[in-house]
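> Take a look at the letters that make up each chain.
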Amino acid sequence: MSPVLYFLPWFLLLASSAHALEFNEVQAGKSTITFAYKQMNVPMEGKFTRFSARIAFDPERSNAAQARIEVDLASIDTGFSESDDEVAGKLWFNAKAFPAAQFVSYGVRVLGGNRYEALGKFSIKGKSMDVSAPFTFRQEGAVAVFDGSFTLKRLDYAIGEGIWSDLATVANEVQVKFHIVAASSPAKK
Amino acid sequence: MSPAIVRYTRTSIALHWLTALLVIVTFPLGVYMHGLALSPFKLQLVSYHKWVGVTIFLLTVARLTWRIGHAPPPLPDSIPVWQQRAAQGLHHILYALLLVIPVSGWLMSSAKGVPVVYLGLVQLPDLVGKDKALGDMLEEVHKVLNFGLLALVGMHVAAALKHHFLDKDTTLLRMLPFGKRDGS
Ligand code: HEM
Ligand code: HEM
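Sequence lines, in order, name chains A and B. Take any residue in the first sequence, note its place counting from 1, add 100, and you have its number in the numbering used here. Take any residue in the second sequence, note its place counting from 1, add 151, and you have its number in the numbering used here.
Rather than coming from a laboratory, the hints here were simulated on the basis of the structure. All clues stand as given, with none of them false.
Taking CB as the label site, the calculated pair distances span:
| id | chain 1 | residue 1 | chain 2 | residue 2 | range |
| --- | --- | --- | --- | --- | --- |
| 1 | A | His-279 | B | Ala-171 | 48 to 56 Å |
| 2 | B | Lys-281 | A | Gln-239 | 27 to 35 Å |
| 3 | A | Gly-226 | B | Leu-285 | 37 to 45 Å |
For lysine-lysine, the following DSS-like pairs were computed, each having C-alpha atoms within a straight-line distance of at most 25 Å:
| id | chain 1 | residue 1 | chain 2 | residue 2 |
| --- | --- | --- | --- | --- |
| 4 | A | Lys-225 | A | Lys-190 |
| 5 | B | Lys-281 | A | Lys-277 |
| 6 | A | Lys-138 | B | Lys-281 |
| 7 | B | Lys-283 | A | Lys-138 |
| 8 | B | Lys-283 | A | Lys-130 |
| 9 | A | Lys-253 | B | Lys-193 |
| 10 | A | Lys-253 | A | Lys-221 |
| 11 | B | Lys-281 | B | Lys-263 |
| 12 | B | Lys-193 | A | Lys-138 |
| 13 | A | Lys-221 | A | Lys-277 |
| 14 | B | Lys-281 | A | Lys-130 |
| 15 | B | Lys-263 | A | Lys-277 |
| 16 | A | Lys-138 | B | Lys-263 |
| 17 | B | Lys-193 | A | Lys-190 |
For each residue, glycine too, the CB sits at the ideal point set by N, CA and C.
Use the sequences and the hints to build the structure in full.
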């Protein structure tokens, strides 16, 4: 996406938002992106330690909400350095050629109560697909906490090719979970 | 005519040889998989190793429970008392290792953040939280205990063969599944 196209909606959004309650200052240190999958039917978990998230969410105007999350794939932490190296390699993320995964929202659905669903494009390893990620929104004092997840099928994105495409060892489903903490930015009031 | 041999119960004999077989399979499996580079094959082997290890633990619990009501048959009188005591002491240590080694493996798995799912079906609770340093330490403990087991089983087998071929007594026959049983 060209920078102009990318920044335009943000600009329009910011220009039009006179709301006091728009949460758009992500607190990276308090936010996490983790994932869960099964290996030999054993539930495993890991996380990404570097990512950037930009969101704009006003619960009263949730249909105008925006989110763009970019994950540095080389920052994967599976708990095993050998696995981290393997997963950054060609058969998995091929992180040299495709260093980042992205989620860019194009809509938010209200599910009721504090539950919403983010609709967007998820791209990784040069492949892009529509995903929908249900999430909850909680306001805790001055900050908002977004908790949600979506499940992808790794083979749809050719993650884990060759010997690793055997789904009996590492399952196809990978659940990506996000926990994003954001403050409302006073400068944009 | 030689006197009838008082053997171990069929249950004890079956459990002894089944355990021995599983130990003889899973020990080299442990060493082999440890040296492999990461691959689906390695992940499979590690799982199988854990399943066999947990099976050994369960068999040992069953065996010790059975043993409460079924004392081992007396050893031949020809064996000096100190040797009988030494053999018993060795057996107790072997039993202890057959319990402690699987538990050390289970603890290691928990500490490394990989729960144990027995046979891919039953998830065992994590005994400790994820802790890399502890996991590495337990890996070392698991290894040291295993090489202790290797040494003791070596002695155990050497003693059994010595009694059978050199002393020509009935020690080994008592543990063999074939041959005439006493009375029963
Ligand atoms: C009596 C049963 C067991 C025996 C005889 C046994 C034996 C061994 C041996 C010889 C090794 C290789 C050590 C080395 O060379 O570093 C090993 C590694 C290992 N064992 Fe066991 N084990 C048993 C039970 C278990 C159980 C129940 C578990 C887990 C639930 C387990 C988990 C592991 C793991 C994860 C390793 C690999 C460590 C690594 O390479 O990172 N073991 N075992
Ligand atoms: C990993 C392999 C093995 C383990 C862990 C093991 C363990 C044990 C244990 C715990 C006992 C004590 C039974 C009791 O009195 O409650 C025992 C008895 C015995 N085992 Fe093994 N064993 C192994 C392999 C072998 C092998 C290969 C042989 C034969 C060459 C053997 C021969 C015997 C004999 C003859 C007895 C009876 C000894 C006696 O009553 O004093 N074992 N074994």
